[in-house]
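Starting from the known structure of chain A, arrange chain B on it as the hints suggest.
Protein chains in written order, with our numbering: chain A, 1 to 396; chain B, 1 to 373.
Be careful, since some hints might not be right.
List time: in silico DSS-like cross-link candidates among lysine-lysine, alpha-carbon distance up to 30 angstroms [claimed, not checked]:
hint	chain 1	residue 1	chain 2	residue 2
1	B	267	A	205
2	A	270	A	51
3	A	214	B	224
4	B	161	B	306
5	A	214	B	293
6	A	214	B	267
7	A	81	A	138
8	A	232	A	300
9	B	293	B	267
10	A	81	A	313
11	B	9	A	214
12	A	313	A	389
13	A	272	A	283
14	A	205	B	161
15	A	361	A	51
16	A	361	A	313
17	B	224	A	232
18	A	300	A	361
19	A	313	A	187
20	A	300	A	40
21	B	267	A	232
22	B	9	B	306
23	A	214	A	270
One-sided excerpt, in silico: chain B residues whose CB lies under 7 angstroms from chain A [what the hints assert, rightly or not]:
hint	residue
24	184
25	207
26	225
27	228
28	230
29	231
30	233
31	237
32	243
33	252
34	315
35	318
36	320
No lab work stands behind these hints: they were computed from the structure.
We put the beta carbon where it would ideally sit given N, CA and C, even for glycine.
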Amino acid sequence: MLNGLTENERHVKDWLATQRDAMLLLLSELVNTDSGSYDKAGVDAAGEVLKRYFTAEGLALETIPQPRYGDQIRAMLDHQKSNDRRPIILMGHRDTVFPKGEPQRRPFRIENGRGYGPGVCDMKAGLVMNAFVLAALKRFGGHPGPVVALITSDEEIASPSSRPVIEAQARAARAVFNAEPSRLGRKITSGRKGGVFSRCEVTGKAAHSGANFKDGISAIEQLARKIPELHKITDLERGTTVNVGLIGGGQTVNTVAPSAWCEIDLRYVKPKDRDDAVTAIRKIAETCSVPGATSSFTIKGEFLPLEQTPEAKALFDLYHAAAADAGFSVSAEFTGGCADSGFTAAQGCPTLCSVGPVGGKAHTPDEFLEVDTMVPCAQALALSVMRLKEGVLPPG
Amino acid sequence: MSLPSFDTKTMLDGLRRWVEIESPTDVPEAVNRMMDAVEAAYREAGARLERVPGRDGRGDHLIARSSSGNAEPGILVLSHLDTVHPIGFIERLPFRIEGDIAFGPGICDMKGGVYIAYEAFRRFLAGQKSPLPITHLIVSDEETGSTTSRELIEREGKRAKYVLVTEACRDGGRVVTARKGVGQFEMHIRGVASHSGSRPQDGRSAVRELAHQILELESMNDTKTGVSVTVGVVRGGTRPNVVPEEAYAEIDMRLPTLALAEELIPKVLSAKSHRDGVRVSVAGGLNRPPYEKTPTIAALFAHAQKLAAEIGIDLHDVSTGGGSDGNFTAPFVPTLDGLGVEGQGAHTDQERILISSLAPRATLLFRLMETLR
Numbered sequence: 001m002l003n004g005l006t007e008n009e010r011h012v013k014d015w016l017a018t019q020r021d022a023m024l025l026l027l028s029e030l031v032n033t034d035s036g037s038y039d040k041a042g043v044d045a046a047g048e049v050l051k052r053y054f055t056a057e058g059l060a061l062e063t064i065p066q067p068r069y070g071d072q073i074r075a076m077l078d079h080q081k082s083n084d085r086r087p088i089i090l091m092g093h094r095d096t097v098f099p100k101g102e103p104q105r106r107p108f109r110i111e112n113g114r115g116y117g118p119g120v121c122d123m124k125a126g127l128v129m130n131a132f133v134l135a136a137l138k139r140f141g142g143h144p145g146p147v148v149a150l151i152t153s154d155e156e157i158a159s160p161s162s163r164p165v166i167e168a169q170a171r172a173a174r175a176v177f178n179a180e181p182s183r184l185g186r187k188i189t190s191g192r193k194g195g196v197f198s199r200c201e202v203t204g205k206a207a208h209s210g211a212n213f214k215d216g217i218s219a220i221e222q223l224a225r226k227i228p229e230l231h232k233i234t235d236l237e238r239g240t241t242v243n244v245g246l247i248g249g250g251q252t253v254n255t256v257a258p259s260a261w262c263e264i265d266l267r268y269v270k271p272k273d274r275d276d277a278v279t280a281i282r283k284i285a286e287t288c289s290v291p292g293a294t295s296s297f298t299i300k301g302e303f304l305p306l307e308q309t310p311e312a313k314a315l316f317d318l319y320h321a322a323a324a325d326a327g328f329s330v331s332a333e334f335t336g337g338c339a340d341s342g343f344t345a346a347q348g349c350p351t352l353c354s355v356g357p358v359g360g361k362a363h364t365p366d367e368f369l370e371v372d373t374m375v376p377c378a379q380a381l382a383l384s385v386m387r388l389k390e391g392v393l394p395p396g
Numbered sequence: 001m002s003l004p005s006f007d008t009k010t011m012l013d014g015l016r017r018w019v020e021i022e023s024p025t026d027v028p029e030a031v032n033r034m035m036d037a038v039e040a041a042y043r044e045a046g047a048r049l050e051r052v053p054g055r056d057g058r059g060d061h062l063i064a065r066s067s068s069g070n071a072e073p074g075i076l077v078l079s080h081l082d083t084v085h086p087i088g089f090i091e092r093l094p095f096r097i098e099g100d101i102a103f104g105p106g107i108c109d110m111k112g113g114v115y116i117a118y119e120a121f122r123r124f125l126a127g128q129k130s131p132l133p134i135t136h137l138i139v140s141d142e143e144t145g146s147t148t149s150r151e152l153i154e155r156e157g158k159r160a161k162y163v164l165v166t167e168a169c170r171d172g173g174r175v176v177t178a179r180k181g182v183g184q185f186e187m188h189i190r191g192v193a194s195h196s197g198s199r200p201q202d203g204r205s206a207v208r209e210l211a212h213q214i215l216e217l218e219s220m221n222d223t224k225t226g227v228s229v230t231v232g233v234v235r236g237g238t239r240p241n242v243v244p245e246e247a248y249a250e251i252d253m254r255l256p257t258l259a260l261a262e263e264l265i266p267k268v269l270s271a272k273s274h275r276d277g278v279r280v281s282v283a284g285g286l287n288r289p290p291y292e293k294t295p296t297i298a299a300l301f302a303h304a305q306k307l308a309a310e311i312g313i314d315l316h317d318v319s320t321g322g323g324s325d326g327n328f329t330a331p332f333v334p335t336l337d338g339l340g341v342e343g344q345g346a347h348t349d350q351e352r353i354l355i356s357s358l359a360p361r362a363t364l365l366f367r368l369m370e371t372l373r
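Okay, chain B solo, but in the shape it has when bound:
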């Protein structure tokens, strides 16, 4: 085993340059500036590049491939470079270092992870041998559900033998071997409007029906199976003195297994009104399929655990309720997630990473690329 050296100072300087290019999902030109920087870095490293133009108000996606013309299934490294922070957030959360901690927008979610993957991958582009071809797919819209990149992720995922996702690792450096599936729905209710003073008996309240629907949705919460339902947004009615004709809800559902998804999603979609004259309609479905820890995923994790031990990391895994692009590939390709840097405060003004995690995590990715076959 020949461990490469990853210089923390050099990586931190490189990461700083990426963090300082703000890239909120909904500002495609900003995301594209970020993609330009990564594209330039990979061009210099000798990767074969493909840039997929953005659409629907999202930025471009970038694919960097190892130069071997090998068509056999390889390793797909999956990343995103969009952030949730708006332009100008860097004034509030400038890149700064305090001891072993580096702050900055997107530094943990997930520019740090993209950067160490680039650092590991470029060694192979420079001549280091890997048994499998390597592809790094970097998308522009993960934070808003990967609506413009999902097809690309699935296409590249289906061509791969393994998928490594560079989302930040969880508390204690844990990698992710299972994520709940995410169902999202919009519920529209239409009743009958009437004046609440003069004609209350003529009205059929959409708000009242929505309350019943919410209570039924909430009753699907089950701590034993891990199913959770969140009615995240509601609104209804026009004026206090009008029996509401319309009401609306946005629903988020987390589903640990495909079996549970197949059982519960049809129930949500077929919600029935409790009262004549009131109509309930629900649109939506499984936005991200469940990412279950299959035996092949367990084996992939065991391999990573062994590699980690060699470099002094006691690696553990965890299951989480939050979705990632790993959900799209896990149903058909062994997928290991949470291979990015250690950090905290994602999506907040305290977003930060542990600087001392950069080198070991880059090494782990390097070793996975070097050993997966």
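Isolated chain A (complex conformation):
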């Protein structure tokens, strides 16, 4: 042992320290590969960028094809001698929220120590980190069992095709590290809210606002009656919030609106709060008070909450110590933002979220990555994986 690290650990840590430029090169290629959630070809092209890296590093690959969204990819590093065959999963998504053409408009660039470009921290930097950690372990070993990099394709739209894959993987896994960005001040995530994303559509009847006003049924009026009711479900103390984030409706100024719609974002903390809130939303969305108006309600997507279990706390302690050995101090905080980590935690798999390189302003053109955190974060993650031996986590 040198500086408290095993020889394997030191090799892995030192090699990762030499990979800064290689990481940024791969990151640049990945950011410049357009991969909005609904662009299957683009998301798959981003997958190819990573597959080429894994293949060059001699790692086995598995592709889980998807007809509509991007394929899921598993890069696998086996460990023949381990008794615990459950893999440690390094998870990340490669889709972004941005419209097609965004990398052409805003290609990857580095300025004053910050990297910019669509998806740079959310979460292409995290994927690059995972890839290099897997490559380091392939080169130098020291991992306590199989390690899998799971690369998903549709997290930004609530993982419609990835969720079953993630859940199946999580059920068979020892632990999951999710590479969402850590926040400024070296903060990772202790817990996340659950979210239910839904849409309400209202149908009325068109009529000329002047000549035939009385024949009309205003879908906009009906929608306006629902919105304050929906907001009343919000209970900040409980952590339950409802946001009617998007609305639209109507045809022209002088036509009674035949249709209107809204999209509703529900967040909650405790799993048991979900059903009550969804029932309340559904009732408001489906009930009409304007005579003749009708409406429908659809759940479009959902994330489960991430709760800090004793195993997750132990995983955090392990990571905290590894981070110290990589030269930085880390803390954890609760966030209302949702992520795939809720799905793995709900399967009973110890999960640590937001271990990716530090970034911020995700989903905006100002999204940035603290470039100098790439290597230390990769080192902390690699050390955590290497130390995840049997008995480290309390039995679930």
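Relative to chain A, chain B alone:
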């Protein structure tokens, strides 16, 4: 009384030629082709012509005057030749005749009305005597609110003693003696954006405020006074997981009287936010003033009713919520509207007229021109 003869077959042929020149408001060169045809017809009839060049993406307006150099206030016949149907709509709604019905884009709203006014007016251009000078103003943009013609309509209206509007008549051949005023507004709301998951307490939802504003606007609807409010278009927000910073609405208000307009419009314009950190701003106002049935308008209608009876029409009048260019003149000149042809399905692919209404309606216009003094 010498009733002129209006030959239905000849008028239908002439009207067909006009219907087959498509003239959507937003295609000024097409509207101008239509104006060219009318200008040529009036030139041949001997009218003094004035063509007012179009602007702001709209076509030209046309004024045809009787040759008498008389400067005294006369009769203003008010028409428009733009249609709501886009170019090519004629493929879907070709001019065709089925019994007493003729179909075609704009045939009812309002090429039929323009055509019978031309037929009546040309008799006076050919020597028939009228007590008052006659002016026919044909505008290019009524269907989008007459924004480029309003000044011209008001100027000509103020010079006139009577205004006759050739919009199609209502069900049962009714003419129009009152129209509601039209107020139009845009409401912009600005709140504070925040992430709905991580920072919901920091946000101030513009959408939530808009919902309150809509409910207040809707509460101004009053079946007793006839005030109606329509929030026709809304939009707001950027993504479902962002507390919306902005929301927007387009509002249409119908106001039967100027008194109600003066009471209610300031209320709409001064809408207040219900929450700190959220701003509400409203722009707009009275787009077309109310057209109220004043005693002088009632007298003008009574005169028309008498003339109609002479030619076998039992004429009634009606008040409507739809605006027309008559709204611009009615506040200061006795205005009679709905003097065009009988028809149905305006703005639809079933737009049509009753062929048998062409001659009597042309005769009524002729008689108004001949007798108003």
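Next pair to validate is residue 161 (chain B) with residue 306 (chain B); report whether the Cα-Cα distance is within 30 angstroms.
The given pair, whose Cα atoms are some 19 angstroms apart, holds under the 30 angstroms limit.
Has the given pair, residue 313 (chain A) with residue 389 (chain A), been kept, meaning a C-alpha gap of at most 30 angstroms?
holds (16 angstroms)
Interface restraint verdict for residue 243 (chain B) against chain A (beta-carbon cut-off 7 angstroms):
Cβ of residue 243 (chain B) sits 6 angstroms from chain A, so the hint holds.
Are residue 184 (chain B) and chain A close enough, Cβ to Cβ, to be under 7 angstroms, as the hint says?
Holds, about 6 angstroms.
Hint check: residue 81 (chain A) vs residue 138 (chain A), CA-CA at most 30 angstroms. Holds or violated?
Within the cut-off at roughly 14 angstroms; holds.
Taken at face value, is the distance from the CA of residue 205 (chain A) to the CA of residue 267 (chain B) at most 30 angstroms?
holds (27 angstroms)
Taken at face value, is the distance from the CA of residue 224 (chain B) to the CA of residue 214 (chain A) at most 30 angstroms?
Between residue 214 (chain A) and residue 224 (chain B) the Cα gap is close to 13 angstroms, so the pair holds against 30 angstroms.
Between residue 9 (chain B) and residue 306 (chain B), does the CA-CA distance stay at or below 30 angstroms?
holds (27 angstroms)
Assess, step by step, whether the Cα of residue 205 (chain A) is no farther than 30 angstroms from the Cα of residue 161 (chain B), and give holds or violated.
Violated. Residue 205 (chain A) to residue 161 (chain B) sits at ~42 angstroms, over the 30 angstroms cutoff.
Does the nearest C-beta of chain A fall within a distance shorter than 7 angstroms of the C-beta of residue 237 (chain B)?
holds (4 angstroms)
Could you grab the alpha-carbon distance between residue 267 (chain B) and residue 232 (chain A) and see if it respects the 30 angstroms cut-off?
Holds - the C-alpha atoms of residue 232 (chain A) and residue 267 (chain B) are around 27 angstroms apart, at most 30 angstroms.
Pair hint residue 361 (chain A) and residue 51 (chain A), alpha-carbon separation not exceeding 30 angstroms
Within the cut-off at roughly 28 angstroms; holds.
Hints 2, 11, 14, 17, 23, 26, 34 and 35, counting from the list given before, are not met by this structure.
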